[in-house]
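Using the sequences and the hints given, assemble the complete structure.
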Amino acid sequence: MLEVKDLQKSYEKDKPALTNISFDIKPGTFVAIIGPSGAGKTTILRSLNQLIKDDGGQILLDGNDIRTANKTQLRKYRRQIGMVFQNYNLVERLTVIENVLHGRLGYKSTLAGVFGRYTQEEKEEAMSLLKKVGLENFALQRCSELSGGQKQRVGIARSLIQHPKVILCDEPIASLDPASAQNVMELLKDLTEEYNLICIANLHQINMAKKYADQIIGIRKGKLVFDENADLLSEDILRTLYDQDITKELE
Amino acid sequence: MINSEETNTIIQKPKLPDSPEIKLHEKSLSRTMIIAVFIGLILITGYTLTHLDTAGVQINQAFKELITTLNQMFLQPNAGTDGVTLLLQALGSSLLLSILTTIIGAVFGFLFAVLASKNLTNAYLGAGIRVVMAIIRAIPTIIWALIFSIVCGLGTTAAILGLSFHSVAYLTKAYSESIEGIDNSTIESLKVTGAKFWVIIFQAIWPTIVASFVSWTFIRLEINFANAIAVGAAAGAGGIGYQLFVASGMSFDFHETGFIVYLVILVTFVLEFIAVKIRRFYLNR
Amino acid sequence: MQSPAKFLKHKGWHQTTIIALVGGIYVLGSWFLKFDNLNGLLAIPKAFAWLGVNFRPTANSMEYLPRIWQKLIQTVLLAISSTVVAAIISIFVALLGSKVTGINGFVQTLVRGVASFFRNIPLVAWSMILLFSFKQSDFTGFLALLLMSIGYLIRAFMEIIEDEASETMLALKATGANYFQVIFQAVLPQILPSILSWILYMIENNVRDATLVGILTGTGIGFIFDIYYKSFRFDAAGMTVLAIIIVVIGLETISNQIRKVIL
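Residue numbers (my numbering), protein chains in the order written: chain R, 1 to 251; chain D, 1 to 285; chain W, 1 to 263.
One thing to keep in mind: the hints can contain errors.
Unchecked claim - Straight-line distance between alpha carbons at most 35 Å, and here's what the computed DSBU-like set of lysine-lysine pairs gives: (1) R:LYS131 to D:LYS23; (2) R:LYS53 to R:LYS189; (3) D:LYS277 to W:LYS230; (4) D:LYS118 to W:LYS260; (5) W:LYS99 to D:LYS196; (6) W:LYS99 to R:LYS13.
Claimed, not checked - Not everything, but these chain W residues come out facing chain D in the computed CB check (under 10 Å): (7) ALA43; (8) ASN178; (9) PHE184.
Just so you know, the hints here were simulated from the structure itself, not pulled from any lab data. Fair warning: this is a prediction, and the values are worked out from it, not measured in the lab. Ideal Cβ positions, reconstructed from N, Cα and C, are used throughout, including at glycine.
The following block contains the structure:
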């Protein structure tokens with residue numbers, strides 16, 4: 001269970017980027033955050049694992065507040081929260097399996113992590129996760145040789161090996177072609193059900209949000225204007241969200 | 001909507017490695033090369049440092065002296081016996097020297113770059129120019145200045161020619177790399193209109209590379225300023241470099257040395273600042 | 001909106017102004033420096049004619065070769081070792097000072113300032129003050145090149161880290177990995193090829209700079225060139241220049257081959 005209460009953030013004085021954002025998400029839910037560019041979607045997502053330090057509020061993961069954690073505790077929370085990026089953020093020069101294993105670093109001692117010493121179990125798990133995302137034959141390839149969709153699936157495998165409760169996806173399909181985008185969304189949806197995850201994705205594509213998400217959160221100018229079941233997203237709400245008629249995109 | 005390539009990989013049977021040990025990476029040439037080069041460099045360094053000739057100098061003592069010198073230089077700088085006016089004059093002439101040679105370098109460098117770029121000229125001429133420029137570049141600026149000073153005598157002319165030679169060679173390489181980076185279609189689209197060679201150069205090539213042209217030219221200006229000082233000191237070509245040499249190597253007035261160094265740093269900061277501004281102006285256009 | 005005609009006219013003026021400005025600076029500069037352009041131009045063929053006659057290594061100058069070769073090797077070794085030591089120091093400093101991996105704003109500004117300061121102190125100044133304390137020895141040349149290289153490499157490495165490693169750094173931070181794990185698993189593997197490429201470039205550059213340092217501090221290939229030059233043994237000086245050309249171009253070729261494989 002992830003509960004966000006009264007989250008606040010401003011980058012400049014008197015110019016709030018987020019005001020009093022509150023929402024709850026149950027395990028096994030795929031959530032899409034939608035809204036215009038600059039509305040604060042990325043700020044919300046990145047404050048959920050404290051890559052951005054917010055100014056106030058509560059972020060409760062199974063009842064524990066992440067915001068008040070010290071450095072060591074924060075690292076322990078972070079390993080329960082996987083993250084998938086728009087630009088994949090892989091170490092391009094390393095192999096696919098090495099990148100997947102990076103997800104284990106949070107569980108390792110500094111020394112083992114520094115020298116990249118992984119156990120046999122970890123390696124086997126990495127292989128089985130690669131199989132799950134359809135990349136088992138690419139394990140020893142360099143990431144720079146992969147296509148965008150393949151890179152994103154490596155990113156997803158890297159977050160899964162963290163054994164996360166939550167996966168945050170920052171524009172996961174914005175750099176992908178339509179077919180790969182569909183693929184990645186389906187994968188995320190399936191994984192959410194299979195592992196009973198909380199999966200939160202920032203999306204620009206409203207049709208994708210409608211198609212795959214269980215719950216949709218709408219953000220406009222740093223305020224939460226919609227937080228309901230995905231079926232309840234109506235044209236009226238979209239119009240207030242985006243200040244314009246974009247119903248065509250829904251069709 | 002799922003494309004065939006991706007479906008295949010998903011349907012394929014998992015091929016878990018038979019060996020219990022799962023490899024994380026294969027041997028690749030690039031990995032091996034990086035490691036080999038690093039090890040090689042470190043071994044050479046180790047060898048050199050252990051065989052270094054220190055001319056019997058007490059290292060501790062020398063470091064103490066160095067700190068005294070640095071202290072005199074940076075914390076108590078003054079204009080010394082030469083006076084501020086003379087030093088500023090010398091600074092100005094070094095700066096002019098570097099500007100002049102950069103202009104020469106930019107003009108001839110662009111000319112040669114056009115003739116040397118693979119996408120513009122015939123292969124033999126290009127290759128010929130590149131080889132000549134590589135040889136000119138390989139000879140240090142200071143040696144060029146010394147060579148010319150035999151013919152022209154010690155002084156500004158030799159310094160200008162020496163610095164220009166190296167500048168032309170350096171900028172030819174830099175510009176022609178920018179030109180070779182141009183998309184071929186830009187050139188072809190003008191070629192099909194029947195435009196003449198130099199028309200293509202100034203209507204298509206020049207506007208495309210102007211930003212990187214400006215960048216490289218200013219980088220060279222900074223290098224030329226440093227070189228002007230070096231040539232002034234080591235080839236007696238005058239300017240602030242000569243004053244620096246006299247103050248630090250003949251009269252041992254480290255207060256003055258410090259003053260000169262501060263002047264030089266000030267000029268390089270200003271040059272860097274101007275370069276950043278102009279570069280931004282051309283990038284935004 | 002400007003009309004197209006007006007825009008083109010404006011552009012024409014702009015170009016004319018810049019050409020006039022640069023030309024004006026050139027003419028004024030020549031006048032101030034008393035640089036006679038025509039004589040300067042004529043000096044070039046004269047210089048090469050003179051080079052062709054006097055600098056040409058003769059059978060006689062072969063006897064200098066072993067000594068030149070020994071000094072040249074020594075110079076290359078100094079260039080390599082000063083670059084490597086500078087690189088080791090610079091990578092630590094760059095990690096502390098880059099915007100991505102740095103500790104805090106104050107340290108970042110400090111590192112930037114120090115690097116810029118080191119880079120802009122003229123090589124002549126380093127050579128001379130080191131010569132004063134460390135006398136005429138290889139160690140003096142080594143230190144001068146080292147201090148100069150540090151300034152350049154810190155800036156280059158910081159830019160590499162900021163350009164290439166910021167995204168992966170963020171991703172690994174999000175997995176809960178700690179600082180050292182992120183540095184060794186994400187940042188270093190990512191930047192190593194670029195770092196190596198810069199080290200190779202710096203070695204080439206230091207071989208050339210070592211000539212200057214050598215002339216000033218009496219070490220290496222610069223010293224031996226200076227001796228031949230000042231004692232009018234021009235065939236030997238020519239031999240030295242030839243040797244420098246061969247070594248520099250050789251190094252450049254090797255570096256380019258290495259770059260091709262690793263990048």
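Against the structure, the hints come out as follows:
| no. | hint | result |
| --- | --- | --- |
| 1 | R:LYS131 to D:LYS23 | holds (16 Å) |
| 2 | R:LYS53 to R:LYS189 | holds (29 Å) |
| 3 | D:LYS277 to W:LYS230 | violated (44 Å) |
| 4 | D:LYS118 to W:LYS260 | holds (19 Å) |
| 5 | W:LYS99 to D:LYS196 | violated (49 Å) |
| 6 | W:LYS99 to R:LYS13 | holds (23 Å) |
| 7 | ALA43 | holds (5 Å) |
| 8 | ASN178 | violated (21 Å) |
| 9 | PHE184 | violated (15 Å) |
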